[in-house]
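Protein chains in written order, with the working numbering: chain A, 1 to 113; chain B, 114 to 226.
A portion of the hints provided could be inaccurate.
[To be verified] Straight-line distance between alpha carbons at most 30 Å, and here's what the computed DSSO-like set of lysine-lysine pairs gives:
(1) A:Lys49 <-> A:Lys60
(2) A:Lys56 <-> A:Lys68
(3) B:Lys114 <-> A:Lys56
(4) B:Lys170 <-> B:Lys126
(5) A:Lys77 <-> B:Lys170
(6) A:Lys56 <-> B:Lys126
(7) A:Lys49 <-> B:Lys126
(8) B:Lys170 <-> A:Lys60
(9) B:Lys126 <-> A:Lys77
(10) B:Lys126 <-> A:Lys52
(11) A:Lys68 <-> B:Lys126
FYI, nobody ran anything at the bench for these hints, they're computed from the structure. As the structure is a prediction and not an experimental result, all values here were calculated from the model.
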Amino acid sequence: GNSVTQMEGPVTLSEEAFLTINCTYTATGYPSLFWYVQYPGEGLQLLLKATKADDKGSNKGFEATYRKETTSFHLEKGSVQVSDSAVYFCALVMDTGRRALTFGSGTRLQVQP
Amino acid sequence: KAGVTQTPRYLIKTRGQQVTLSCSPISGHRSVSWYQQTPGQGLQFLFEYFSETQRNKGNFPGRFSGRQFSNSRSEMNVSTLELGDSALYLCASRLTGDQETQYFGPGTRLLVL
């Protein structure tokens, strides 16, 4: 079946540091890929998405590029802020079939001032 | 445009009871999906409703059920609650069942004692 693997956290960074959260996927077919963010006590917010190979999703300084050859969708940000502290989920949805989101286990990011 | 709303936000029940959770999708969205989030299992798909019909179902026992009304609002019901049903239940809506992007509500946190 389809699956998403994320790097384990927590990831602890100082403010203004560079962020990378790794995400790889296994899927039969052509998934769309997403990053969602969850702040404490809240639901999931869509951060960015990419629907086909080589697409780059971006939002609020975060970026991720859909790499079909490495089945990856790593999340990056050049300079993190304390307010970026949250749990980040990588997810995929297939373009056929059930079309339900398959999530990774989440990576907690802690940014220290 | 208002986002996805879920009620109640918090709920405490005892084993053996049943519970009903409600979700109102973004205006115009016709597809509603439900997910369960637990520390041990992460985010798992429960089911999806579109135009009052269940389109897809995850691997959960029959104690978990749902329905959708003509105004696209959805409810999910869990009967004979077990301690393991304690979780954050998230509702997500999308325009149609074929759109990739799902938008999540804040969730209902259920505690079963």
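Taking the hints in turn, this is what the structure says about them:
1. Of the pairs offered as hints, the one joining Lys49 of chain A and Lys60 of chain A holds, with about 13 Å between alpha carbons and a cut-off of 30 Å not exceeded.
2. Distance check on the hinted pair: Lys56 of chain A and Lys68 of chain A sit about 12 Å apart at the alpha-carbon level, within 30 Å; holds.
3. A distance of roughly 27 Å separates the Cα atoms of Lys114 of chain B and Lys56 of chain A; the hinted pair therefore holds under the 30 Å criterion.
4. Between the alpha carbons of Lys170 of chain B and Lys126 of chain B the distance comes to roughly 25 Å, so the proposed pair stays at or under 30 Å and holds.
5. Proposed proximity of Lys77 of chain A and Lys170 of chain B is contradicted: the alpha carbons are some 36 Å apart, above 30 Å.
6. Simply put, Lys56 of chain A and Lys126 of chain B have alpha-carbon atoms about 44 Å apart, too far for the 30 Å limit, and the pair is violated.
7. For the suggested pair Lys49 of chain A and Lys126 of chain B, the alpha carbons sit about 37 Å apart, so the restraint of at most 30 Å is broken.
8. Distance check on the hinted pair: Lys170 of chain B and Lys60 of chain A sit about 34 Å apart at the alpha-carbon level, beyond 30 Å; violated.
9. Using a Cα cut-off of 30 Å, the hinted pair Lys126 of chain B and Lys77 of chain A is violated, with the two alpha carbons roughly 42 Å apart.
10. With a C-alpha separation of about 44 Å, the suggested pairing of Lys126 of chain B with Lys52 of chain A is violated against the 30 Å cut-off.
11. The suggested pairing of Lys68 of chain A with Lys126 of chain B is violated, with an alpha-carbon distance near 45 Å, which exceeds 30 Å.
The structure is inconsistent with the numbered hints 5, 6, 7, 8, 9, 10 and 11, although it conforms to all the rest.
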